[in-house]
Amino acid sequence: MAEPILRVSGLTVRYGMISALKGIGFYAYDNEIVGIVGPNGAGKTTLLESIAGSIDAKEGHINFLNKRIDRLPILKRRKLGIMLVPQEGNVFPMMSVKKNLEVSAILNSDREKKKLISYVYELFPILLERRKQIANTLSGGEQKMLAIGIGLASNAKIMLIDEPSIGLAPKLVTKLFETLKKIREDTNKTIVLSEQNIKVLNIADRLFGLEAGEIRFCEKTENISKEVVKDLYLGG
Amino acid sequence: MILNGVITGLIMGGILSLPVLGVAVIYGITGIPNFAIGVIGVFGGFLTWYFLSYNLGMAILIGIGSCFAIGYILQPILLTPISERGGDSTLFFIITVSLGFIFEGLTRAIFPRPSISLALPRMGRLSIAGVTAEGFKFFALLFALGTLVIIRMLEEHTEAGKSWLATSQNLKLAKLIGINTNHVFSIASGMGCALGCVGAIFWGSLYNLNLMSGWDLGFLGFIIAVVGGIGNIWGGMISALIIGMVMSFSGYLLGGMWQSVILYAIVILVLIIAPRGILGSERSL
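Quick note, the sequences are listed as chains R and L, same order. When we follow this note's numbering, the leftmost residue of the first sequence carries the number 1162, and every step to the right adds one. When we follow this note's numbering, the leftmost residue of the second sequence carries the number 5, and every step to the right adds one.
To be clear, the hints were calculated from the coordinates, so they are not data collected in a lab. None of the values given here were measured: they were computed from a predicted structure. Be aware that one or more of the hints could be misleading.
Ranges of calculated distance between the beta carbons of each label pair, as one might list FRET restraints [to be verified]:
| no. | chain 1 | residue 1 | chain 2 | residue 2 | range |
| --- | --- | --- | --- | --- | --- |
| 1 | R | Ile1287 | L | Ser131 | 55 to 63 Å |
| 2 | R | Ile1287 | L | Tyr211 | 52 to 60 Å |
| 3 | R | Ile1179 | L | Gly90 | 15 to 23 Å |
| 4 | R | Arg1229 | L | Leu65 | 43 to 51 Å |
| 5 | R | Asn1227 | L | Leu82 | 33 to 41 Å |
| 6 | L | Ala164 | R | Gly1250 | 17 to 25 Å |
Quick partial rundown of chain R residues pointing at chain L, CB under 7 Å, derived from the structure [said to hold, decoys possible]:
| no. | residue |
| --- | --- |
| 7 | Leu1236 |
| 8 | Arg1239 |
| 9 | Leu1245 |
| 10 | Phe1253 |
| 11 | Met1255 |
| 12 | Ser1265 |
| 13 | Ile1267 |
| 14 | Asn1269 |
Think of the CB as a built atom: it goes at the ideal place given N, C-alpha and C, for glycine as much as any other residue.
Generate coordinates for the entire structure from the input sequences, incorporating the hints supplied.
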């Protein structure tokens, strides 16, 4: 297989005295869906935020498309093609759905903008219906769709999505994961998700198991049994 | 007399609404309470006065442009770094008040006179519903309302405006989607100081400008912004018009010496009833 487009090595992040990540390695290939699984507090969010640049890693390397990015500000990383959809605070609460998407496509030309937004509406027809509605009046599920839509509208090469399934009804989780699969097929993006939901096994090509700031396993999904993932959560 | 009071109040409120808008724009976007914009604005007013004998338009441009530049530069070299290190409202109060004293001192040091009056064209006299006032006064009020409408239109319809809104609503996400938030902050800070200057120019041509006027405009502007719901520009405008009216009527009915007693008693009363201001605020101090 070719070189990974994203490679993290020796990444260490500390919050005061506590190490959230203890020199971990992580990588993702082009057009791949990678899942990061692990219990609460394992460091999943910290890893994603360090890649996007909203957290400064103290030690380690992050390379994206053969360029070292760990010292670059968020904006430069965004321009190189990295976009993080945070777990919370992932929409602009007082703007309409349409404006949320328009402003998120800010780095694209007008023509691309239109294409990107109509693609978002195609994936999530409910957003088209609600395009004039203010974001914080949407339901939880709709807000999640908008958050993914914001990620798509940014037109980044790699989308990092933090806990997309959290707070969603089981039926919606299945649907959301199907949509992510379709996004990968349509756009050739790389998608990295952190997940607590076991259904992630159905869409990810590879899984990283993260616990207490360390990588416990890195396997192709077909080689992983549900038990291994469950053990990770139970600390077994 | 009542109508006269209303019009005086509206005009006063309209002029006050300019620094209020300045405070609201800066606070709404950067989250920083800036108490210096009145003094910086008055510094610009003095600059305008200094160049007035050369050319009216050029003088006004120099005044407003300098204030924009001061705000634009102060943001990245001073205010943003402090904000990123977790500066709170108290720290910003002290820092921006200190900045205010610096600009008051500069005004004192640079300009030969401590009190000035700007002789701008009066635009004839206008009579509306039986009340006659200088056309210039109506122009001041219209200008203030127009500024508010223009800011709202920019926010609604331009790319830059949308990125201001996005930055004010969710700073982290704004950065993540690729908005240059530092640039947005600088523009907001520059606009706030420029609005302070426009307020000072109107104030200086209707009343007069002295070294203390900046504090009057800045603090009153801030208080009015809080009463309206800080960061909320419609709230700021409504609150400015109401406060202008209160000042005008308390002056008429009780005499000038009671003006501030009545005014600040009402401010306290409103904030006890509605701590987040008349129209409410997205952020709190």
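*Which numbered hints turn out to be false for this structure?*
Number 14 only.
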